[in-house]
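Trainee: Given next are the chains, with one letter for each unit.
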Amino acid sequence: MATYIFQRVLQMIPVMLMATIISFSIIFLLPGDPALLILGDQLASDRTIYEAKRAELGLDRPLPIQYLDWLGKTARGDLGVSTRDRQPVIQGIRERLPVTLQLAGLALLLALVISLPAGIVSALKPGSKLDIVASLVAFSGIALPNFWFGILLIYLFAVFLRWLPPSGYMPFSEDPAQNLLRMLMPALTLGLGLSAVLMRQTRSSLLEVLHQDYMTTARAKGLGQKAVVLGHALKNALIPVVTVLGLQTGLLFGGAVITESIFSIPGLGRWAVDSITNRDFPVVQAVSLVLAVGVLLANLLADIAYAYIDPRIHYR
Amino acid sequence: MATTTLGQAATRTARQPRPASLEIMRRVLRVRLAPLAFGILAAFILMALSANLIQRYDPITDQSYSEANEGPSPAHWLGTDYLGRDLWSRLVHGSRISLTVGLISVGVGLGFGVLIGVTAGFVGGKTDAILMRVTEAVWTFPALMLALAITSVLGRGLFNSMLAIGIVGIPFFARLARASTLTARELDYVLAARALGANTPRILARHILPNIAAPLIVQASLGLGTAIITEASLSFLGVGVQAPTPSWGLELRTGYQYLELNPAVAVFPGLFIFLTVLAFNFLGDALRTALDPRLARRGGD
Amino acid sequence: MNRRQLLKMLGVGAFTAASLPLLEACSPAGPAAKPGDAPAKPADAAKPAAPGATTAPAAAARPADAAKPVAAAPAGPPKRGGQITVVVQNDWVTFDPPFNTAEPNGSNMIFGNWINWQADNKGVWGPTPDLVAEWDAKPEAVTLKLQKGVKFHDGTAWDAKAAKWNLDRLIFHPASGVRANLRGVDVSKEDTAALDKMKADANGAFTFSSKAVEVVDDSTVRINFASPNASIVSVLTGTGAAPISPDAYNKAGKDAFGRKPVGSGPYRFVEWQSGSHVVLEKNPDYWRKGADGQPLPYIDKLTYRLIIDDSVRLLELKSGNAHFTELVQGKDVGGIKSEPSLSIVESQASGNNYRVIFDSSNPEGPFRNQKLRQAMLYALDREAMAKTLGFTSGLARKYQLPKGSSGYDESEKLPFYWYDKAKAEALVKEAIAEDKSLAGPDGKVAFTFTVIDRAVDKAQSEMIKQMGEQVGFSITLETLERAAWTAKLVKRPGQPGGKFEMASMRNPVTADDPDSQFRTYYHSAGSYNVAHIEDKEWDKLIDDAGASFDDAKRKQMYFDLEKRAFEQAWYSTLWQQNWNWVFNKKLTNFQEPVTNRWDFTEMWMA
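Chains as they are written, first to last, in my numbering: chain A, 382 to 697; chain B, 3 to 303; chain C, 138 to 743.
Keep in mind that a hint or two might mislead.
[As the list claims (entries may be wrong)] Derived lysine to aspartate or glutamate pairs resembling EDC-like cross-links, with alpha carbons at most 16 Å apart:
no. : chain 1 : residue 1 : chain 2 : residue 2
1   : C       : K524      : B       : E69
2   : C       : K474      : B       : E262
3   : C       : K426      : C       : D437
These are calculated hints, taken from the structure and not from any lab test. The structure displayed is predicted, hence computed values, not measured ones.
From just these sequences and the hints, can you work out the full model?
Mentor: Here you go:
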């Protein structure tokens, strides 16, 4: 298993490098002069200052050298300074990453809580009324545009019923109750698509496993139905589920972008959108890199979990 | 969803003589609720084709400021927007945009994805490694973010967002095409053909492509739904279709802004998107059931 | 009784007990005098000594039916303590006044002003002392006598040295946003070597000392002018000119100071979390005193929260999580008026003005032709726009200067554009007949209309497209975000950009000095000359009006400017959304500020 993990990490490296190249170069494709953007209108009108900035940024050097320079700085933690408010980007990430992680984490939790039991029950009683309803709901969940769902939630619970606060973020350290209350609708919105996908995946892979030959063997051994399900079937059924989870991380972060925008949550996703809009290119570079790394790490974790669960790999 | 199932499906269908399309259709329609999905899709396609006939007002130029922000009424079935334009007429024209976006972006994604995936799977070796690493690297960026970045490079608007969504979908189809190609490549008669000295284009066209078609078609139909939602997301964020062109996503954005004044505008566009995507997903699922004999035997998901 | 009934009783009892103090607090106490009177306006003593000269719109009576400039007599004596949350819609960029290209959003509470701009009990706006106790503005020099006993938040003194340092920075720092407005300062005697040295290290400590600004004594400074600047007092009331602590700036450097500002205002800076919020706490050593003889302010803590989304911020206000905001959209005003926990104050003197501008200097664009510009302006139905986009708060506008401004002409002798479809069509036909190249193969005049990515601007552009296409134009809408829009419109040496056809913009307008209205946006040397006007006569009019200390002459010059703007049709103000402020009913003693310079110094939470 160790070799498996090692192989996976090794495979990740060239991908990570490619991702950094993509992050770096997208900015140079964005229209706008970087020096002008960093200085802002006022300072840039003075020729001397403008030229000095261009020289400082090394915009006259060939692109590959600029890339390596940027890569080196990034590795050392110097991600530059935001052109909008002159805050060091690394600081901005430190402030916003936990917020997005909390949102994604809660969404994941909600999704698991909803989808796993639903998927298991559906698989145990395929074709029953429960199964049909659950499947339909899951199906709908995938088709539902999550921002529409979010808007409807806001209208229902915040505008019409006034039960929940509509927006904003309250740090957990300041007021845990408000924090969770405000995260409820966003987490639901974000977790919706995920729970639908997970539910269907759980159901179908559990169904498949339950019909496998080795299950008959297990039952023949005399284990009770419950033990059979929990002990053997689930473990094997979870393999594709875990894989799907890893694949869905990208979608989760993408969904966070819209969810954070609708609910005014100061996380990484919304920062990414705003910085693309504002041509704040140090931030765009940094955030896209962080998100890519996050997705890669999530996939790696999924692969490792996979290695633990799948006996074929576990015992290699 | 796991690649193994689809790969096996490709193998299975390859061993049997290819079922006639009619046979597939029959199998699709046997799946529970598939006829309903078909019906919904047909309705939307009809709507898109006959938009000019079933609109009640011109969706762009019929502005009526005194009737702005009204809910459903006999004069305006779904209500009006902030400039007094008829929502029904706008949504009807929006169906054209959504369906076009779906088709073109999936077309782009599928086309380039198959090109890359089949090349990687068939040629193998270094080419495969490089192509796959690049594909994976693009894959790691959250789709929406990538689409956003691409539209900010290309500029806003309908065409560019179609391109962006298409580009974002390439890795997905590429991986799928590659996996299926890998399996198809090892089939008996393919190996035989190569041994006999058949040239590559012939092998690709006559043996590989038909065998990988099944899973690709399934994913393409699911991809249509995703593309529509992504377009709506881009329009919602303001970088997709631009006013005054009506698009479902753009109307949702308006609905969000005027939520308290006129909630109807928030409900209907989302409903249309939801139903269309639902129908595409149902269809894709039914296709998958129909094309995989194993699942067909079990009576479908 | 069973357990359930017992619990219910206890619950009700507890609830009643808890709400009694609340009910008590809400009942009006006896009539109270207006608390915390600002130091008495030194009436005419502080007004400029030059004959008949005043930079205040002294003659301007505020529109009669406009909002109440002074809140009704507040109920009860001021209560100290508590905190309020203010919702802002624009993110902060920096807190350093002259480098701030975004909204003030709280910086005025950190810094205070040289001179304030306030309305008196009768609703007449004019300058009042703040950090400057007395001023004397003459054509050749302006003398400022500083308020005594004021300290910055870091303990350093507000004295002539600090004032000179601030003025030097405002006038000479290359990135200073108020440089253009401080024109006329006598820079002839400056040491060019020292100036260059300062420019080379623009981000470090500011050590340049000018000859134009003199220290007269410990608490008096004088600025020497080479050419007269009649709007200098008005410039000193702006948030962009607010004085900062020299010590703190020199220690921290430009960027760091902008993130951790030190001023002399009623509130000190505590923290700024980017994209989220800013926290200020009261300055215990503030020099102004409240009704109880203790230093102002009354409220302990101000939290400014960034909520960009309109519907979200309204919900926060309605639920009581936030207490103050401004500029709610016209469509939401009705809903707020019927909301029991909120107050709304509207103003016609201040408004967000929506304008359209043409690039008359673009040789390839159709708007090089004057008739087409005029045609477009006749094609627009301003009242429909004001009503549809501004709802009850929208006001269609005829002229550039608002009512209440000293340059405003009440006689209605000034021509203006109004909705006239027939005239517009005729003008388009005439223009095409004279110059066939203006129209495309379809016989229509095609152009691109560039707007900023904002909801109202976009809705407006759709209306304009509609109206323009009815008279013979063919319009393509182009939406750009703010930075890209600026880059496209503003000409910069060595940069692409500065070419467009027609664009729309919006900016806050108050009935203050007319000079800033014309200079920044339309003077050929203005820092924001987006209309690309290059007209020597025009520039001269603006300069002369800005230098004239003669009231009557000034008024005539602004009349001439408006007339020329009408003839040339380079741009036009279409409508304004009246400024409004929305706040929790418990927030007491609200005084209408100048647009977005909310002053919480004398407010309290009941």
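Trainee: Measure nothing beyond the straight line between the CA atoms of K524(C) and E69(B); if it is 16 Å or shorter, mark the hint as holding.
Mentor: This hinted pair holds, its Cα atoms lying about 12 Å apart.
Trainee: Assess, step by step, whether the Cα of K426(C) is no farther than 16 Å from the Cα of D437(C), and give holds or violated.
Mentor: Distance ~15 Å between K426(C) and D437(C) Cα, so the pair holds.
Trainee: Decide if the proposed pair is consistent with the structure: K474(C) and E262(B), CA atoms, cutoff 16 Å inclusive.
Mentor: holds (14 Å)
Against the hints set out earlier in the document, no violation occurs for any number.
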